[in-house]
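Chemist: These are the residues of each chain, in order.
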Amino acid sequence: MIRWMPFVWTGALRFLADGRLQTGFIVGGITIGVAVIVFMSAMLAGLEANFIRRVLTSQPQIQLLPPDQVARPLRGASREIEDALVQRPSQRVLSIDQWQMIARRMEALPEVTVVAISMSGAALAVRGSASRSVSVLGIEPETYLRIVRLPDYLVAGRIRLTSDDIVVGTELAADLGAVVGDKLLLNGASGSSRVLTISGIVDFGNKGANLRNTYVALRTAQSLLGMIGGVTEIGLSVGDIYAAETIARQIQASNAVQADSWIKTNAQFFTAVQAQKNTNLLIRLFVGLSVAFGIAAVLVVSVIQRSKDIGILRAMGTTRTQILKLFLLQGGLLGFAGSLTGSTFGALALVYWHQTTRQADGSELFPLIIEPQLFVTTALLATLTGVVAAMAPALRASRLDPVEAIRG
Amino acid sequence: MAEAIVRLEQVCKAYNVGEPNETEVLHAIDLELEAGGFLALVGPSGSGKSTLLNIIGLLDRPTSGSLSIAGEPTSRLDDAEITHLRGHEIGFVFQSHMLISAFTACENVMMPMVVANGRASAAIEQRALDLLDRVGLTPVANNRALNMSGGQQQRVAIARALAMRPRLILADEPTGNLDTQSAEGVFQLMRDENLASGTTFLIVTHNMALATRCDRIIEVVDGRITQGQRPQG
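From first to last, the protein sequence lines are chains S and P.
The first sequence begins at 1 in full-length UniProt numbering and counts up one residue at a time.
The second sequence begins at 1 in full-length UniProt numbering and counts up one residue at a time.
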């Protein structure tokens, strides 16, 4: 008997050790439940973090665009006739009105960390007899590359954007049979053309993006698209990525621009993540309930099996409170022990899954995120579940009449 | 005459009180147990011996009447006070299931002291070993109950009952499940402890040969004491 250990702890540990088969089975059950929770939680967190990282390194967190053009019928004429249908006008590529002033305002906002202006439009990329329609994005590398980390996606060449350079995706380069250093003819929608040199080839991990996205210097795009001095988009980075939607709404309310946050443009992803989180929550709930009922069942049996022991303990001066604590503690210890082994198995399964499962391009499916907080929370919840589950059997044990208990 | 360690006055015990099947098993019991006595409680099965023992041991409460332990009336004590009094003044030896299987012989003897103290200590362990030595069980001090004979288990139970130096030990047929030789050994051990420490023993037994060797025989028949109600002067 360990001398420093309080009586109820000694009793709880000995009772659990004495019924080692029962204890082993229930700890095994808790282990499986906790391992599932740890594995799923960490994997979902990893998948979400991976997606967010990919999204946030390939697009600005907030995009400011020219507002949609709408038809405004003239009203107030003496013999006014209102059409039943007002046709939506075609959306021309327009520069953001007074973009310099808006950009300066954005730079002054404390929530905004980076402001990058850009110009985008459609063009036809031609090399020899092959041609592909592309999206041309003119950027200022010194600011834009702080938002979209093009160097992270580089597979050949380098990100150099002088007025004669272009960076293309792997699919476009393959379709046109081009490599770094080759020339491309770009025909803009306005009729102007430019011959540009491929300085870098990037792979975004998306076939469509690799085929269509091209990057040139801002002035080159302005010239090609016939909008000298124009800017069609202002990209913003913000300190708190999850506040992007709120900030976007505030910006739109006080400026003549359309502000889209990454949360809005990836709404489907968030719906999917939320659905996964809800599913995970339900799984946790049912696993937790299974664990709780398992612990309660084992302790109810234990109370019946140990009723004579309880009677003897009561006869020798053990209080009802001590008996209550003795069984609550057993529940807590079962939950805690199961959470330790379950967390270990869950983490090992996660590491194994992470090492063996890869994406098509060989990169990791999800980053391995094993946060100590997850284990601490799991251990606390499992222990609490054990204590709560033990409440009914513990109350029953503490209320046992000593005479009845000894008689068995 | 010695001071009374237990005094019962007009104690009645009924079950299913207020219901059609109400049954009174003890009828107006008046009884005094003298301190230091070695007393036998006898009577036919179902006569109320165990009920009387449970009431004296504060494991059960009388329906009416009063009970005093060491001069202290117990009727107004709450559950915690009753538990404390029971833990400090009364030791128990049961007929069967004498020990807690999860603990060794030594730990079983330590248990009442650990319960009272909140945790074990060197002094508690030493006292337990001394008690086991007195009952001749030092060699099996670290054995689990399952690995001991019935006679050995009952000796450990006696050592455990003595652990808190109680003034009263209640033994419910302590030799009932033992062979003749073991029963004699256990009885003699209790007698020796009674003489050595002055602890009062009240022993429920069906064995009249053993009962006649006690200081006094208290006989219960149909819930009434028919013999040995008062200590002999």
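One thing to keep in mind: the hints can contain errors.
[Said to hold, decoys possible] Derived CB-CB ranges, DEER-like:
id: 1; chain 1: P; residue 1: S101; chain 2: S; residue 2: M5; range: 48 to 58 Å
id: 2; chain 1: P; residue 1: R61; chain 2: S; residue 2: L384; range: 44 to 54 Å
id: 3; chain 1: S; residue 1: M391; chain 2: P; residue 2: C12; range: 30 to 40 Å
id: 4; chain 1: S; residue 1: M391; chain 2: P; residue 2: R61; range: 25 to 35 Å
id: 5; chain 1: P; residue 1: R61; chain 2: S; residue 2: I2; range: 19 to 29 Å
id: 6; chain 1: P; residue 1: N142; chain 2: S; residue 2: L21; range: 49 to 59 Å
Think of the hints as simulated: they come from the structure by calculation, not from any bench.
Note that CB positions come from ideal geometry on N, CA and C, so glycine has one too.
Chemist: Decide, hint by hint, whether the structure agrees.
Modeler: Evaluation of the provided hints:
Hint check: S101(P) to M5(S), Cβ distance near 19 Å, so the stated range 48 to 58 Å is violated. At roughly 37 Å, the beta-carbon separation of R61(P) and L384(S) lies outside the given 44 to 54 Å, and the hint is violated. Taking 30 to 40 Å as the suggested C-beta distance range, the pair M391(S) and C12(P) conforms, at roughly 37 Å. Between M391(S) and R61(P) the beta carbons are some 27 Å apart, a value that agrees with the proposed interval 25 to 35 Å.
Take R61(P) and I2(S): their Cβ atoms lie about 36 Å apart, and the range 19 to 29 Å is violated. For N142(P) and L21(S), the Cβ-Cβ distance of about 23 Å falls outside the hinted range of 49 to 59 Å, so the restraint is violated.
Going down the numbered hints, you'll see the structure goes against 1, 2, 5 and 6, while the others check out.
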